[in-house]
Amino acid sequence: MKLRIAHGRLIDPANHIDRIADVFIADGLIAAIGDAPADFTVEREIDATGLIVAPGLVDLCARLREPGNEYRATLESEMHAAMAGGVTSLAIPPDTDPPLDEPGLVEMLCHRAKKLNRAHIYPVGALTVGLRGERLSEMAELTAAGCVAFSQASRPITNNAVLLRTLQYASTFGFRVWCQPGDPYLTRDGVAHDGEVAAHLGLPPIAAAAETIALYTILQLAEHTGARLHIAHLSCASSLPLIREARARGMDVTCDIDIHHLHLDESDIGYFDTHCHLAPPLRARADRDALRAALAAGEIDALCSNHAPVNDEAKALPFNESEAGAIGLELLLPLALKWAREDSIALPEALARITLAPARILDSQRAGHLSVGTRADLCIFDAEGHTPVTRETLTSNGKNTPFLGQTLPGKVRYTIVEGQIMYASDA
Amino acid sequence: MSTPHHPQLDRDGRLQHLLTLEGLPREILTSILDNAAPFLAVAEREIKKVPLLRGKSIFNLFFENSTRTRTTFEIAAKRLSADIVNLNISTSSTAKGESLLDTIDNLCAMHADMFVVRHASSGAPFLIARHLANIGRNDIHIVNAGDGRHAHPTQGLLDMYTIRHYKGGFEHLRVAIVGDILHSRVARSQIAALTTLGVPEIRVIGPGTLLPHDCARLGVRVYHDIREGLRDVDVVMMLRLQNERMNGALLPTPQEFFKVWGLTAEKLALAKPDAIVMHPGPLNRGVEIDSAVADSPQAVILPQVTFGIAVRMAVMSMLAA
Amino acid sequence: MNTPAAPELPATLDAARLSQELAAQIRPRLRPNTHLVGLYTGGVWLAETLAEQLGLGAPGVLDISFYRDDLNERGLALAPKPSAPGIDINDAHIILVDDILQTGRTIRAALNVLFDYGRPACVELAVLVDRGERQLPIAAQYCALTLSSPLPEHQRLKLERGAAGELQLRLER
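Chains as they are written, first to last, in the numbering used here: chain A, 813 to 1239; chain B, 42 to 362; chain C, 23 to 195.
If you are wondering where the hints come from, they were derived from the structure by calculation, not from laboratory data.
One or more hints might be untrue.
[Claimed, not checked] Computed footprint of chain B on chain A; a stretch qualifies when at least three of its residues, placed anywhere within it, have a C-beta under 8 Å from a C-beta of chain B:
id	stretch
1	1001-1009
2	1128-1139
3	1179-1186
[Stated by the list, open to error] Taking lysine to any residue pairs in the SDA-like style, the calculated list, with each CA pair at most 20 Å apart, reads:
id	chain 1	residue 1	chain 2	residue 2
4	A	1211	A	854
5	C	103	B	78
6	B	90	C	140
7	B	89	C	138
8	B	89	C	137
9	B	313	B	210
10	B	89	C	98
11	B	90	C	134
12	B	313	B	333
13	A	814	A	854
14	A	1211	B	175
15	C	103	B	286
16	B	119	C	112
17	C	103	C	113
18	B	90	C	133
19	B	90	C	137
20	C	103	B	68
21	B	90	C	112
22	B	119	C	137
23	B	90	C	130
24	B	90	C	192
25	A	927	A	916
26	A	814	A	1211
27	C	103	C	62
28	B	89	C	108
29	A	814	A	1232
30	B	89	C	192
31	B	300	B	315
32	B	90	C	98
33	C	103	B	175
34	B	119	C	108
35	A	1211	A	889
No residue lacks a Cβ here, since even glycine has one placed at the ideal position from N, Cα and C.
The whole structure should be built from the sequences, with the hints applied where relevant.
So this is what it looks like as structure tokens:
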């Protein structure tokens, strides 16, 4: 199908484009920007007047709950959620059941995703077998099966000798290792930031040091091995200098934060709101503010959803017994826009954090930009529109979000994957 | 996000549940103490029962065992002529598959009027309160009988009653809380109530392993040296040291704890001569308190128990009304 | 609200004269074991005045808050007072004292309170004003003033005590 997206404000951070321009799509690829190619006959036209035409969003962390947790969500339900959120590429962490530690599993996942024909998936393989932190996984085989990087998801390796070897092995191939830093002993049993709120509510605490100690260890070992690193879901201000210093020493290290830590802090727990039971925990206001500033400055590369559908029953429990996590695929764009609005961030800058930057972390040439000849994945949205967050309006199977009941800025109008309109909504 | 409406107050600001003393307006706190006095007189009669809650069904939901606390609520309910049913729901029954809220739904169907809830997890009574609101059962009231490390509001109230009884008020007092503050729901409720009632100086005394990080955020002064901390205080509130904290991880030995932080006559002598000594019970003699102190005239530990029944009667009456 | 009160009732009544009248009724029927018990709040003031006039010991006091039959509608009274009959009431001649007798429900509750303290030989009732409108089979043995016709529903008779201890009966229209 030959598609023309007419009169929209085209924002493509990768190519430094921010102007009203038409986009021409043919055979699933971007055919031209601005003027139609010579032999182009428009078969379908989207009038994007007043709308923003951006690269499809790239989410660095979205749990689709397959395999193993289909009662929470399915590939199909969460792919729909991705489309509703304008997310056309997403990385899947390995904490499925069983974990993504076998090439067969990864192939099956990729196959299922391809059949659904919606967002492109980027599986992140398990760094160790069963995520148990003991034996190395078959990283080369897993890469051949489709894995783009390796991680332990939120289950840190207890034994630093094992961590060292995983980094050494991954660096052999130049694979990027993703780490969510958390000292296993200091985080065990904890459910909330070791601050005012945990002290008042009597919740088992997790000190900020749990993150910084683990981060320091990871950085030291990565520097020693020359491994490429991505630090996932930072939560503490005190982690930022460590990242800064590592980069100053020339290390290849990227990092992200999730939408919750961009907007919320420990006080949002209120009276034991389990929707705010997250991993890592919501930290102090000062941490949140520092993370926001670092994201604006580009010290934090990317913003992700850290999407984790949790069934109602697992949230309808006392806070420390409830399961951590919140959904976010459909909130990634609205919360990025909210941040841009609140902190006066230019729209192309904000969009870069959820398109170009995460695509680079994934080492993907095909996602996150709208260069002529690349895959035509687009998100067309109304920046002045609104996204109400209710159980009824959320597409994800999970309804677990602290933003339930709020109305967020921005509204996805079209999601296009390889030139196909996969999602369209009214104003 | 704005602070949500406090779940223990109804729309008119009256007490719907008693979940915590934190954020409870001073007038309500004081009125509970005022209402407890006449119930104390009831207990002194030969017939220790009044028909106030005749026909009401109260369920003691103890997800965590505590014979003593359960009994005090049972006595309070019976003296109010309510029908009280004891349910010991150990965690094993939750493991059998029924969730906490399923249990609650079942009891709602049995026309409960009040739940007295004890749970090992902080915030469990809040979860139940939110659930009752969601299913439109605003006619059912909850009394938090201790949730995790969070709150034990009736214990806090009986402690305030005791202090007012012996000291006549709060605004001139120096109060010390000694022991395991970190894991103590009692301490949190005491600190909240003492603060609301205007105690100008609250001290907490204990080792670093048993004090919350950044304890000063709770509005208290931290002392590690008990001799320094007890100097010139009017009230000494001892906390119970749980067995599982004594050996190794948080404290080397109970002996060392007693030596450094145990309340002895010699240490108590540093407090004001008329200082009272309180303890929520059960006592660990020779661990947090010396027998000589526990049995001394300065100890008001047994009156605390007596006041506790009256305070619980007052709370139940005010909620059921 | 300009419905007139019963014609014989002025805005304030001389409570001192009425209590003397009440004392005069009780005096001839005093026994050695007679004990006055006032009901909070007006009944307690009245009982204190009567005890003085009759040369009796300090009266007992009863609070009926815990025995009310309308807890669900009205809630627990703010700060109920402790009850204290004052003596061992077993085999005593008790005169319950209240300011106003109307439905009889307060007296019903008071009898229940009293019997939780023991078994009196007999119980009588003394009130300053009987405004009628009884809902229970209860009668006062001693009464200083009986209204011949019911007051309009919104009107309340209230006993008040001044700074010097003088009693005054006021009609709130």
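Of the hints stated earlier, which fail here? When the structure is compared with the hints, numbers 3, 4, 15, 16, 17, 24, 26, 30, 31, 33 and 34 turn out to be violated.
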